[in-house]
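Chemist: Sequence order for the protein chains is A and B.
Counted from 1, the first sequence has number 229 at position 222 by the working numbering; the numbering is strictly sequential.
Counted from 1, the second sequence has number 504 at position 94 by the working numbering; the numbering is strictly sequential.
Hint data in this document are derived by calculation from the structure and do not stem from the laboratory.
Wrong hints could be hidden among the right ones.
[Claimed, not checked] Pairs of lysine to aspartate or glutamate, DMTMM-like flavour, derived with a Cα cap of 20 Å:
(1) LYS107(A) with GLU82(A)
(2) LYS660(B) with GLU223(A)
(3) LYS84(A) with GLU124(A)
(4) LYS422(B) with ASP266(A)
(5) LYS660(B) with ASP230(A)
(6) LYS349(A) with ASP218(A)
(7) LYS347(A) with ASP218(A)
(8) LYS676(B) with ASP266(A)
(9) LYS482(B) with ASP218(A)
(10) LYS434(B) with GLU459(B)
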Amino acid sequence: MQTVFTRELKPFLDAIAEQMEVYIPKKAGEHYVFKKYDPAAETPLEFNNIRACTPTKEFLFPLREIAAVFPEPLEPKDIKPFTIFGLKDCDLRSLEILDKVFTEEDFKDPSYVNRREKMFIISSDCSNPADSCFCNVLSGHPFAQAGFDLNVSQVKDGFIIEVGSEKGHDFIKEHSELFDDANEELLEERKTNRAETQNQLEQNNADMKFDAPVNEIVAKSQDSEVYDEEANTCIECQACTRVCPTCHCFYLYDTKQKDYFSKMKMWDSCMRLSYAEVAGGENPRKVLGDRLRHRFMHKFSYFLDRYGIDMCVGCGRCVDAEAGDVDIRKVLKKLAQELKGKDKSKAKVAK
Amino acid sequence: MNQNLYQPINGKIVEIIDESPTIKSFVVEPEEEFKFDTGQFVELTLPGEGEAPFTPSSSPSVTSKMDISIMKAGRVTALLHECKAGQKVGIRGPYGNGYPVDDYVGKEVYIVGGGVGLAPIRSLFLTLVDRIDDFRSVVCRFGARTPDDFIYKKTLFGSWQKIDDVDIKLTVDESKGKWDGNVGVVTTILNRDDVNIANAVAIVCGPPIMMKFATLKLLEFGFGPEKIYLSMEKNMSCGIGKCGHCMLGKYYVCKDGPVFTYDQIKGYPNIWD
C-alpha cells in the first residue's frame, strides 16, 4: 500500500476539512470523545492512543432519528460528507458488523446507507492500550487492517499516512505538496511500534488464552448458570449495550406532529426487562440471567451463524461503562473454565 | 435512493366487526394493491399512537383489502378497539415467511387453533379451501374459552362445517349459554386417529400455553417435529430482522418466521413464554 509522511497533522486535517466535516478526538476526563474540528481554533490537535469511549455507530445510526414521515413521505435528508479522524481497528471492525445488518441486500436501512456512503475513514494506530482493551483475543489488532480510506501512524518525528482506498489515494494525490515519501526507516519504526503495542495487549490479556474458540465456548453455554450468577452483579443500567459499537437494537415508536405523523427510531437494549415482552404480557426473557445469556449468545454465536463474523470486537467499552460488575472478559473466562470442566468430566466418563 | 422500509402504506379501516367480547375484525383498505402470502404478517400503525404486528385473517387472493382480527391486549390494540370505520392507518409489510402451503399438497392438514389464533388460521383455511382438491383433507380442532369467545362464529358454526373434505371439531374451556359440544381444553379433542399421521402435517396457532401442550400432544401422537408448523408470537417491531425485539434463539421471528417448524426452534430456551 502507498505510504506518505507528514511532520504535522494540522495542514493535513485542514485540507480534509476543506472537503468535508471533520471530527477529531478530544480528551474528556480519562477518555476520548469526538468533537467537530474547527480549523480556525488554536487548540492543539490530539492523537488518541486508543478508541474513543463513545461508539462509532452514533455517526451512522444516531441515538434517535426519524425513520419515516407520513401520510406524505419525507424527502431523505441530504447528508454532507464527513470524516472521523482517529478510528481504531476495533471501530472499523464494528463498521463491518453494522454494514452486515444495515446494508443487507433486500433490507437496506436507508439512512444508514446514506450516511455510510458519505463517510470518509481516517483510522490511526493504537499505542498504550487501556486495561479494558482485549481486541487481540477476538483477532483484532492495535492498528487497522482494512476498511479505511487513510490510516495514520504516529512516529517520533511525525506521522505516516497509509492509503487504503481509491478515495484515499485521490486525496493524497491532490495534496501531494503536503506529504513526503515515507522512507524505509520510518516504516521500520512503525513496525516496531506496532509490534510493541501488540505485545503489550497480549501481555495484558495473557489470562484469556482459551483452549477452544470463543464462539464454541459461548455456543455451548446455553444452559450455563454462569449467566445467572453474573446477573446478580448486574444493575440493569444497559450501559454495556449503549456504548457497544456493534449492538444495534432499536425501538420504533410513533409521534404526532402538527401536520404529520412520524415513526421514530431510537437505540434500545436487550437488557431491558420489557424489551421482548408482547402485548399479552408474555416475555421469553423476563429473568435477567436469560437476558444476559441472550446477549452473549447473540454476540458470539447467533450473529456468527447468520453473518459469518462475531459481533464483538473486544474494544472493552462495556467494561469501562459498566456500572455494575459484569465484565465481558470475566464471563468468557468463567464459561471457558466451565467448558473445560465439562469436557474433562466427559472424558472421564468415556474412559 | 433506497425504498424506505419503515415507510407505511397509507390506508383506512373501512369496516369493523365485533367477533367476541375481546376481539374485533378490522377490514383495512390500503391505498395501493397489497399482496401477501398466508401466514405472513403486517405492521399496522395507528398514526401518532403506535404500531403492532398482526397476521391478516383474510385470503391472500384478495389484494384490495384485508381483514385483521385484533384482540384487546395492550395499549395499541386497546386504542384500535376504540376506532371507528374511516380511521386512517398505516400498513407496513408483508413480512416474514408464511405457511408453505405447496408443501402440504397431497397431505392431510391437521389444524389446531385457539382464541385469537384462529385469525392466521382463517387465512390459511381459506387458502386451503380455495384449492381443496390438492389436499387429502383439512381437519380442524379449535378451542375457545367460552362459546361466545369463538371468532368467525357465523362461518365457523355454519358454512365451513359443510365443505367436503373438511372436518371441524370445537371445544370450549367453560360451557356458558347454549353449547352442546365438548367442554375441555383443545388437547381433549385431539385424537391419534383424526388423521393418518404418516401423511399429515400439523398447524398450531393460539395462546402460548395452548401451543405448548398441543405440540407436546402431537409429538406424542408421532408427528415429526419437522411436520409441526407453529406461528410464533413474539415482539415483532421493525419486521426486517434488525431491531432485535423478536429474536428467538438465532432467529428473527419477523424475518425467518413467524411460521416455524417445531424442529427449527425446539432447542432454544423459553420458546413458549
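Chemist: Take the hints in turn and mark each one as holding or not.
Modeler: Checked hints:
no. : hint                     : verdict
1   : LYS107(A) with GLU82(A)  : violated, 25 Å
2   : LYS660(B) with GLU223(A) : holds, 15 Å
3   : LYS84(A) with GLU124(A)  : holds, 13 Å
4   : LYS422(B) with ASP266(A) : holds, 18 Å
5   : LYS660(B) with ASP230(A) : holds, 15 Å
6   : LYS349(A) with ASP218(A) : holds, 13 Å
7   : LYS347(A) with ASP218(A) : holds, 8 Å
8   : LYS676(B) with ASP266(A) : violated, 48 Å
9   : LYS482(B) with ASP218(A) : violated, 52 Å
10  : LYS434(B) with GLU459(B) : holds, 19 Å
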